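Enquirer: Chains as they are written, first to last, in my numbering: chain A, 561 to 836; chain B, 3 to 273.
Please keep in mind that the hints were generated in silico from the structure rather than gathered at the bench.
These figures come from a predicted structure and were not determined experimentally.
Just so it is clear, CB atoms sit at the ideal spot from N, CA and C, and this is done for glycine as well.
Possibly wrong hints are sitting among the right ones.
Incomplete in silico selection of chain B near chain A, CB under 8 Å [as the list claims (entries may be wrong)]:
no. : residue
1   : ARG47
2   : ILE59
3   : ALA119
4   : HIS120
5   : PRO126
6   : PHE195
7   : ALA205
Simulated crosslink set (DSSO-like; lysine-lysine; CA at most 30 Å straight-line) [claimed, not checked]:
no. : chain 1 : residue 1 : chain 2 : residue 2
8   : B       : LYS141    : A       : LYS726
9   : B       : LYS223    : A       : LYS822
10  : A       : LYS757    : B       : LYS198
11  : A       : LYS685    : A       : LYS822
12  : A       : LYS685    : A       : LYS651
13  : A       : LYS731    : B       : LYS203
14  : B       : LYS141    : A       : LYS685
15  : A       : LYS683    : A       : LYS651
16  : B       : LYS65     : A       : LYS822
17  : A       : LYS731    : A       : LYS683
18  : A       : LYS757    : A       : LYS683
19  : B       : LYS198    : A       : LYS771
20  : B       : LYS198    : B       : LYS223
21  : A       : LYS726    : A       : LYS771
22  : A       : LYS683    : A       : LYS667
23  : A       : LYS731    : B       : LYS141
24  : A       : LYS731    : A       : LYS757
25  : A       : LYS683    : B       : LYS65
26  : A       : LYS651    : B       : LYS141
27  : A       : LYS667    : A       : LYS651
Next come the chains, spelled out residue by residue.
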Amino acid sequence: MDPSPNSPTGRDVTPDTGGPEPPRAAPPGAAPPTAASAPLPVTAPAHVHRLGRLPLDRRTAAVAMSAVAVLLVVGIAWAGTGYHYDPYIEKPAAVTGNVPTTDRELKQFAARLDRRSRELTAKLKATAPRGVYIVIDQTQNRIYLKRDEETLLDARCSAGSGLVLKETGGKNRQWVFDTPRGRFDVLTLLRNPVWAKPDWAFVEDGQPIPKNPADRLESGTLGEYALYFGDGFMIHGTLYERLLGRAVSHGCIRVGRDDLRKVWANARIGMRIYIY
Amino acid sequence: MRHRRALVVTALLLAGAIALGLVAAGCGTEKAAAPAADVHSQIARLQRSTNLLQRQIDLANGKDFYLVLDPAAGDITLMLMGAELQRYQVLGLQVGQPRVAWMTRPDPRAWQDIVWAHGELDPPRQIDRFVMQAAPPTKEGTEATPPVPPTPEEMYPVPSRYHVRFDDGLSIEIRPLDTDTEAGRFARLRAWFTAKWHDAKDAAFDRERDAVRLRIALNPKDAASLYRSLPPAVRLLILSGDQKTAPAVAPKPAEAGKPQAKSAGAPIPKN
Numbered sequence: 561m562d563p564s565p566n567s568p569t570g571r572d573v574t575p576d577t578g579g580p581e582p583p584r585a586a587p588p589g590a591a592p593p594t595a596a597s598a599p600l601p602v603t604a605p606a607h608v609h610r611l612g613r614l615p616l617d618r619r620t621a622a623v624a625m626s627a628v629a630v631l632l633v634v635g636i637a638w639a640g641t642g643y644h645y646d647p648y649i650e651k652p653a654a655v656t657g658n659v660p661t662t663d664r665e666l667k668q669f670a671a672r673l674d675r676r677s678r679e680l681t682a683k684l685k686a687t688a689p690r691g692v693y694i695v696i697d698q699t700q701n702r703i704y705l706k707r708d709e710e711t712l713l714d715a716r717c718s719a720g721s722g723l724v725l726k727e728t729g730g731k732n733r734q735w736v737f738d739t740p741r742g743r744f745d746v747l748t749l750l751r752n753p754v755w756a757k758p759d760w761a762f763v764e765d766g767q768p769i770p771k772n773p774a775d776r777l778e779s780g781t782l783g784e785y786a787l788y789f790g791d792g793f794m795i796h797g798t799l800y801e802r803l804l805g806r807a808v809s810h811g812c813i814r815v816g817r818d819d820l821r822k823v824w825a826n827a828r829i830g831m832r833i834y835i836y
Numbered sequence: 003m004r005h006r007r008a009l010v011v012t013a014l015l016l017a018g019a020i021a022l023g024l025v026a027a028g029c030g031t032e033k034a035a036a037p038a039a040d041v042h043s044q045i046a047r048l049q050r051s052t053n054l055l056q057r058q059i060d061l062a063n064g065k066d067f068y069l070v071l072d073p074a075a076g077d078i079t080l081m082l083m084g085a086e087l088q089r090y091q092v093l094g095l096q097v098g099q100p101r102v103a104w105m106t107r108p109d110p111r112a113w114q115d116i117v118w119a120h121g122e123l124d125p126p127r128q129i130d131r132f133v134m135q136a137a138p139p140t141k142e143g144t145e146a147t148p149p150v151p152p153t154p155e156e157m158y159p160v161p162s163r164y165h166v167r168f169d170d171g172l173s174i175e176i177r178p179l180d181t182d183t184e185a186g187r188f189a190r191l192r193a194w195f196t197a198k199w200h201d202a203k204d205a206a207f208d209r210e211r212d213a214v215r216l217r218i219a220l221n222p223k224d225a226a227s228l229y230r231s232l233p234p235a236v237r238l239l240i241l242s243g244d245q246k247t248a249p250a251v252a253p254k255p256a257e258a259g260k261p262q263a264k265s266a267g268a269p270i271p272k273n
């Protein structure tokens, strides 16, 4: 945009059409532009603003501003989306059902409710185990001996490994070594127990399953004592005390020698065992 | 004239007597109303108490594991058939409701005085079973030695916070207190953002999930223990403060080194 000699101001004023300026043709016979006569750098038209080094026209600016505004609104909304926490407050008790209207009847009704409440309390207490009971946390491999709110013993044990054993050949059987969850009762108390090895013990050892039941018997493996609680499950001692605290058993609960003695000292037939 | 004066005096005396009577009657009504209100509140408390006792008996007679949250005593107890299996001290208890764009969405469903059912861990505890193919039997025997399993701590990593989700959009969020302060700044920021993202997603797009959420703060050891050993399909009952009798449950003295129990409604610090 060289200054025009015809312009009274010495500047070429052209109406702004809003579009890009068309390139001008060089006059005939004019020499090609040299470095000295090279056109000056093109300045931005009046409608283009500079934002730092980035030329930004009005439309782009409006879009950008809108995007920023939308993002801001979404951000504020997102910040206020989630969960609002209040301190726990118990809802006030309200009378439910039909209640008598006269004073005398009201008092009688309250007395009846009070009596019922006492009966239920006694009934609830009766559901709690009496005396010493055993609690086994099978995922964390802990055994507890409890009496009411008192914990008499808190020790490591080994619960079922959860391993799946598949038989090769034969009947192609499969065993899952899990410890069952729930409430059980001690059915038998065994001193110096002898283990009658089940089929899986032979399959695991890669041995043929004996036909003579006497060949299944093995002493010393279960430690000094065993508390049998049904379905082949026992609380017993172990030869592998170094593995206590890890789930390595075939479903029984293995306990260390000293802890087993404490359990045995409190054990009785019908004693409750809770496994979770 | 004299007769007229006597009539006025009599009328005044009569009016005074009526006024006194009315005042006395008014006082008597107030005195009678107060005991009636007392009896009503007593009945309400007894009704709730018997209702909760009945629910506890029902839970104790069932075969499912259940949690009993006692906000007044500040503990949560894992139970089975009336026996206390494990008790955890509650360090903070809050009630959360979904909020979308700063608008809280209160939920009308009942969640106190009812049994929450089918609680499952989220994220669930992963159980990787090792499958061992036995060797064919030989006379000498080939003992297959399974690998020594990891410890429970190695086997079940505990997330920084986790949920137990029950039926009907009820859930509890277990938050170990003070673990966040041990983590690095970036880890805390990441944990905060992840939690915020999930909360926002649940609140905005899933009306049925976590319609009511109880946030329970436990000490880190208890939170980890609960995560590792919570049985499946657990149930939950929240006791009321006016229930004086709980089943063989009494608050334990705080162990040495353990933080003291705060009030049930104590705020939980944010990370």
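Enquirer: Please go over all the hints and tell whether each is borne out by the structure.
Expert: Hints, one by one, checked against the model:
1. The interface hint given for ARG47/B holds, since its Cβ lies 5 Å from the closest Cβ of chain A, which is under the 8 Å cut-off.
2. Proximity of ILE59/B to chain A holds as hinted, the smallest CB-CB distance being about 5 Å (cut-off 8 Å).
3. With a cut of 8 Å, the hint placing ALA119/B at the interface with chain A is violated, because the nearest CB-to-CB distance is about 17 Å.
4. Look at HIS120/B: its Cβ only gets to about 16 Å from chain A, farther than 8 Å, so that hint breaks.
5. Hint status for PRO126/B relative to chain A: violated, with the closest Cβ pair at about 13 Å, above 8 Å.
6. Checking PHE195/B against chain A: minimum C-beta separation of about 11 Å lies over 8 Å; hint violated.
7. Taking 8 Å as the C-beta contact cut-off toward chain A, the hint placing ALA205/B at the interface holds, the least distance being around 5 Å.
8. Simply put, LYS141/B and LYS726/A have alpha-carbon atoms about 19 Å apart, close enough for the 30 Å limit, and the pair holds.
9. Simply put, LYS223/B and LYS822/A have alpha-carbon atoms about 26 Å apart, close enough for the 30 Å limit, and the pair holds.
10. At most 30 Å may separate the alpha-carbon atoms for a hinted pair to count; LYS757/A and LYS198/B exceed this at roughly 55 Å.
11. As the CA atoms of LYS685/A and LYS822/A are separated by approximately 27 Å, the hinted pair is consistent with the 30 Å bound.
12. The hinted pair formed by LYS685/A and LYS651/A meets the criterion: a straight-line CA distance of about 26 Å does not exceed 30 Å.
13. The hinted pair formed by LYS731/A and LYS203/B fails the criterion: a straight-line CA distance of about 51 Å is larger than 30 Å.
14. As the CA atoms of LYS141/B and LYS685/A are separated by approximately 57 Å, the hinted pair breaks the 30 Å bound.
15. Annotation: proposed proximity of LYS683/A to LYS651/A holds, straight-line Cα distance about 26 Å (limit 30 Å).
16. A distance of roughly 29 Å separates the Cα atoms of LYS65/B and LYS822/A; the hinted pair therefore holds under the 30 Å criterion.
17. A hinted pair counts as satisfied when its Cα atoms are at most 30 Å apart, and LYS731/A with LYS683/A does not qualify at roughly 50 Å.
18. Straight-line distance between C-alpha atoms of LYS757/A and LYS683/A comes to about 43 Å, which puts the hinted pair past the 30 Å bound.
19. The suggested pairing of LYS198/B with LYS771/A is violated, with an alpha-carbon distance near 64 Å, which exceeds 30 Å.
20. Of the pairs offered as hints, the one joining LYS198/B and LYS223/B holds, with about 24 Å between alpha carbons and a cut-off of 30 Å not exceeded.
21. Between LYS726/A and LYS771/A the alpha-carbon distance is near 21 Å, which keeps this suggested pair within the 30 Å criterion.
22. For the proposed pair LYS683/A and LYS667/A, the alpha carbon gap of about 24 Å is at most 30 Å, so the pair holds.
23. Restraint check for LYS731/A and LYS141/B: the C-alpha separation of about 18 Å stays at or below 30 Å, so the hint holds.
24. As the CA atoms of LYS731/A and LYS757/A are separated by approximately 18 Å, the hinted pair is consistent with the 30 Å bound.
25. For the suggested pair LYS683/A and LYS65/B, the alpha carbons sit about 17 Å apart, so the restraint of at most 30 Å is met.
26. About 72 Å separates the Cα atoms of LYS651/A and LYS141/B, which puts this hinted pair outside 30 Å; it is violated.
27. The straight-line distance between the Cα atoms of LYS667/A and LYS651/A is roughly 24 Å, inside the 30 Å bound, and the hint therefore holds.
Taken one by one, the earlier hints fail for this structure at numbers 3, 4, 5, 6, 10, 13, 14, 17, 18, 19, 26, listed in ascending order.
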